[in-house]
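Residue numbers (the numbering used here), protein chains in the order written: chain A, 1 to 275; chain B, 1001 to 1340.
Because the hints were derived from the structure by calculation, they are not lab data. Ideal Cβ placement from N, Cα and C applies to all residues, glycine included. Keep in mind that a hint or two might mislead.
[Unchecked claim] Each computed DMTMM-like pair below joins lysine to aspartate or glutamate, with the alpha-carbon atoms no more than 25 angstroms apart:
#1 Lys1194(B) with Glu33(A)
#2 Lys226(A) with Asp1112(B)
#3 Lys226(A) with Glu1332(B)
#4 Lys1196(B) with Glu33(A)
#5 Lys1072(B) with Glu33(A)
#6 Lys226(A) with Glu1190(B)
#7 Lys1139(B) with Glu126(A)
#8 Lys1139(B) with Asp135(A)
#9 Lys226(A) with Asp1120(B)
#10 Lys1154(B) with Glu136(A)
#11 Lys1333(B) with Glu7(A)
#12 Lys1333(B) with Asp135(A)
#13 Lys226(A) with Asp1264(B)
#14 Lys1194(B) with Asp1147(B)
#15 Lys226(A) with Asp1198(B)
#16 Lys1333(B) with Glu126(A)
#17 Lys1141(B) with Glu33(A)
#18 Lys226(A) with Asp1337(B)
#19 Lys226(A) with Glu1040(B)
#20 Lys1154(B) with Glu126(A)
[Unchecked claim] What follows is a list of derived Cβ distance ranges for each label pair:
#21 Gly97(A) with Asp1073(B): 40 to 48 angstroms
#22 Lys1139(B) with Leu31(A): 45 to 53 angstroms
#23 Val100(A) with Lys1048(B): 51 to 59 angstroms
#24 Ile256(A) with Asp1120(B): 44 to 52 angstroms
#25 Val16(A) with Glu1190(B): 54 to 62 angstroms
#26 Pro1045(B) with Leu103(A): 45 to 53 angstroms
#27 Glu1328(B) with Arg92(A): 55 to 63 angstroms
#28 Glu1328(B) with Leu17(A): 35 to 43 angstroms
#29 Glu1190(B) with Leu196(A): 52 to 60 angstroms
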Amino acid sequence: MFQNRAEALALALPAVLFASLVFLLPVGILLSEGFRGETGWTLSAYTSFFDSALNRTVFFRTLRLGALVTSISAVIGYATAYAIVSLPPTARGRMIGLVVLPLMISPVARTYAWIVILGRTGIVNEALVWIGLTDEPVRFLFSETAVTIGLLQLFMPLMIISLISALENMPRDAVSAARVLGANWFQVFWKVILPLTREGLVIGGTLVFTGSLTAYITPAVLGGSKVLMLETLLYQRVTVASDFASASIIAMILMIMSFSANMLLKRLATARRRR
Amino acid sequence: MLKTLLATSVAVIVGVGVANAADKKVVISVYGFAQDEFKEILYTPFEKMCGCEVVVETGNSVERLAKLEARKDDPEIDMAVMSAHDALAASRMGITQPIDVNRLTNFNKLYDIAKDPLGDYRGIGYTFYATSIVYRSDKVKIESWADLFQDDLKGRVAFPNVTTNQGPPALYMLGKAIGNDDYGLEAPIEEVAKHKDDIVTFYVRSSQVAQLMQQEEILAAPLGRFSWGAYTKMDLPFAWATPKEGQTGGMNVMILTKGAKNEDLAYQLMDYWLSTEIQTKLAEALVDSPANSEVKVSDEIAANLTYGEETVKSLNLIPPADILDNREGWLEKWNADVGQ
């Protein structure tokens, strides 16, 4: 496209400089903090981080909730996305608008709304008591359940949107063809839809998982310090203990978790393709 | 390294702003809270009086301490206000210098407890707050800190996180109630851990408690007196407990930085801030409870503050040095017993 490489490089230079200066350099400094020991470079901060029982609990809880939110999003996301793609164009546009709508509301407002909805006198508890499922209101707030619900509501739209665009690119008659050839619905999903939409699943899955790991407001408000996650633990280390070394370790762990999830999902997708 | 980098960049930004300002100025570092009221009551009148500019930097105490430490050798800030234990931490870092109280004409008007809380005049108290228990008087009765764990409050009580300013004092009083007033707080933390499933949440912001109370999610919680005003406005019967072990609380102090460039103005501002006029106005605006013993306010205002020498004297405060020396231990014990 360009006459020579130099011209192309010169054009890219401002962006490269900007990104290096305001992103790569600070991130590098932040992450290097975790490898700095009393006497030099060391990994000891990482090993001692995992020596603490609390840190291990928080790490596995973050991983578990992230995986749970991603899996539920995928299951509900496929059903929703499939239903939306089957609609006529006008209705489809409207439904996509409805899916995107919550993304335009501040996560703070959405999270606080859950406090009201899930509270003792909230609509969920009143319904449960009215149906007779329970005599006393159930305590949802400040539990893993509340955090899971909050994260699901926050990130599921991203999964649905990714899956909608993947399903739209799938040949329309693939499903009918499979049905005609005698496949049941499970086989249709597993052998036709899933392989043809795996890119969407990888993108949606990465967005939802990474979002769940790095969300701060939802675990802070709906979980509080009883349901610490890595992000809320990071905040605690910085603001309370002024412990920037632990904070940078947590930041590094979060980055590794996000990258690993992305690689794992990609691997799953290509593994199916090769078969 | 990171702290230095962050602090320097902030200092540079602040520095740029200052370079364009008037020649005479005083730079102060304060809590972000009630800045509109402070501007109206304190900063603007002071600027008119001294013919100088008051440059205000705000933030939470950790950020502000980090900035002060980063600029230790060339301080930008002349004077700062913080909690007594943060002030002691600042002094241990070598950021502050003793205050020459002879230069403060209002010094003798202060309650004795505020005059020299850190020793060697390393800080001077300018406000207090009491911490006790707010509860629903129609549903429960609270006469002791141990009543927080009564059967009627199972699943209906909140407790401050150990990381908040209310947490350690509340734990200390709980310790007293169960017969152990050691500043190590091991016994009360174990007591909280024993009841942790009965505690709805360990709150980090006082505003969170107001919401949970309003929603009737909780019926009681230890709280700083500075947030009491909100409860008097709610349509529910709330009471402020006077437990038999007493109330606890905290004190905020003023400090002078070592090598302050505008020391004279800093002294003038401190003196003005401690004056009966300003302390009265801040009290009437329900911003800060007075440390000046000459301040007189109406009963209605007094009811919303931590007011009067008797009240102030009766507060069971944890000495700042004990807070600093035990803080890491509290957090570790709390995280191990309660946090999981």
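Here is what the structure says about each hint:
1. For the given pair, Lys1194(B) sits about 37 angstroms from Glu33(A) by alpha-carbon distance, which is inconsistent with the 25 angstroms threshold.
2. A distance of roughly 40 angstroms separates the Cα atoms of Lys226(A) and Asp1112(B); the hinted pair therefore is violated under the 25 angstroms criterion.
3. At roughly 15 angstroms between alpha-carbon atoms, Lys226(A) and Glu1332(B) fall within 25 angstroms of each other, so this suggested pair holds.
4. Among the hinted pairs, Lys1196(B) with Glu33(A) is inconsistent with the structure: their alpha-carbon atoms are about 35 angstroms apart, more than 25 angstroms.
5. Taking the CA atoms of Lys1072(B) and Glu33(A), the gap is about 22 angstroms. The hint holds against a cut of 25 angstroms.
6. Restraint check for Lys226(A) and Glu1190(B): satisfied, since their Cα atoms lie roughly 15 angstroms apart, inside the 25 angstroms limit.
7. Simply put, Lys1139(B) and Glu126(A) have alpha-carbon atoms about 21 angstroms apart, close enough for the 25 angstroms limit, and the pair holds.
8. Between Lys1139(B) and Asp135(A) the alpha-carbon distance is near 19 angstroms, which keeps this suggested pair within the 25 angstroms criterion.
9. Simply put, Lys226(A) and Asp1120(B) have alpha-carbon atoms about 41 angstroms apart, too far for the 25 angstroms limit, and the pair is violated.
10. For the hint pairing Lys1154(B) with Glu136(A), the CA-to-CA distance comes to about 13 angstroms; that is within 25 angstroms, so the pair holds.
11. Between Lys1333(B) and Glu7(A) the CA atoms are separated by roughly 61 angstroms; this puts the pair beyond 25 angstroms, and the hint is violated.
12. Between Lys1333(B) and Asp135(A), the direct Cα distance comes to roughly 37 angstroms. Violation of the 25 angstroms bound is thereby established for this hinted pair.
13. Taking the CA atoms of Lys226(A) and Asp1264(B), the gap is near 48 angstroms; set against the 25 angstroms cutoff, the hint is violated.
14. With a CA separation close to 14 angstroms, the supplied pair Lys1194(B) and Asp1147(B) stays within the 25 angstroms bound.
15. A C-alpha spacing of about 12 angstroms is found between Lys226(A) and Asp1198(B), which places the hinted pair at or below 25 angstroms, so the restraint holds.
16. A threshold of 25 angstroms between alpha carbons decides the hint, and for Lys1333(B) with Glu126(A) the separation of about 38 angstroms lies outside it, so the pair is violated.
17. Restraint check for Lys1141(B) and Glu33(A): the C-alpha separation of about 51 angstroms exceeds 25 angstroms, so the hint is violated.
18. Between Lys226(A) and Asp1337(B), the direct Cα distance comes to roughly 11 angstroms. Compliance with the 25 angstroms bound is thereby established for this hinted pair.
19. Restraint check for Lys226(A) and Glu1040(B): the C-alpha separation of about 40 angstroms exceeds 25 angstroms, so the hint is violated.
20. Restraint check: the Cα-Cα separation between Lys1154(B) and Glu126(A) comes to about 20 angstroms, which is no more than 25 angstroms; the hinted pair holds.
21. For Gly97(A) and Asp1073(B), the Cβ-Cβ distance of about 58 angstroms falls outside the hinted range of 40 to 48 angstroms, so the restraint is violated.
22. The hint said 45 to 53 angstroms for the Cβ distance between Lys1139(B) and Leu31(A), and at roughly 51 angstroms that hint holds.
23. One distance hint, 51 to 59 angstroms for the beta-carbon pair Val100(A) and Lys1048(B), holds here, with the actual separation near 53 angstroms.
24. The supplied range of 44 to 52 angstroms is met by Ile256(A) and Asp1120(B), whose beta-carbon atoms lie about 48 angstroms from each other.
25. Distance hint check for Val16(A) and Glu1190(B): the Cβ-Cβ separation is about 56 angstroms, which falls inside the suggested range of 54 to 62 angstroms.
26. Between Pro1045(B) and Leu103(A) the beta carbons are some 47 angstroms apart, a value that agrees with the proposed interval 45 to 53 angstroms.
27. Taking the beta carbon of each, Glu1328(B) and Arg92(A) are about 57 angstroms apart, inside 55 to 63 angstroms as hinted.
28. In this structure the supplied range 35 to 43 angstroms holds for Glu1328(B) paired with Leu17(A), their Cβ-Cβ distance being about 42 angstroms.
29. For the pair Glu1190(B) and Leu196(A), the beta carbons lie near 58 angstroms from each other, so the given range of 52 to 60 angstroms is met.
In this structure, the earlier hints numbered 1, 2, 4, 9, 11, 12, 13, 16, 17, 19 and 21 are contradicted, and the remaining ones agree with it.
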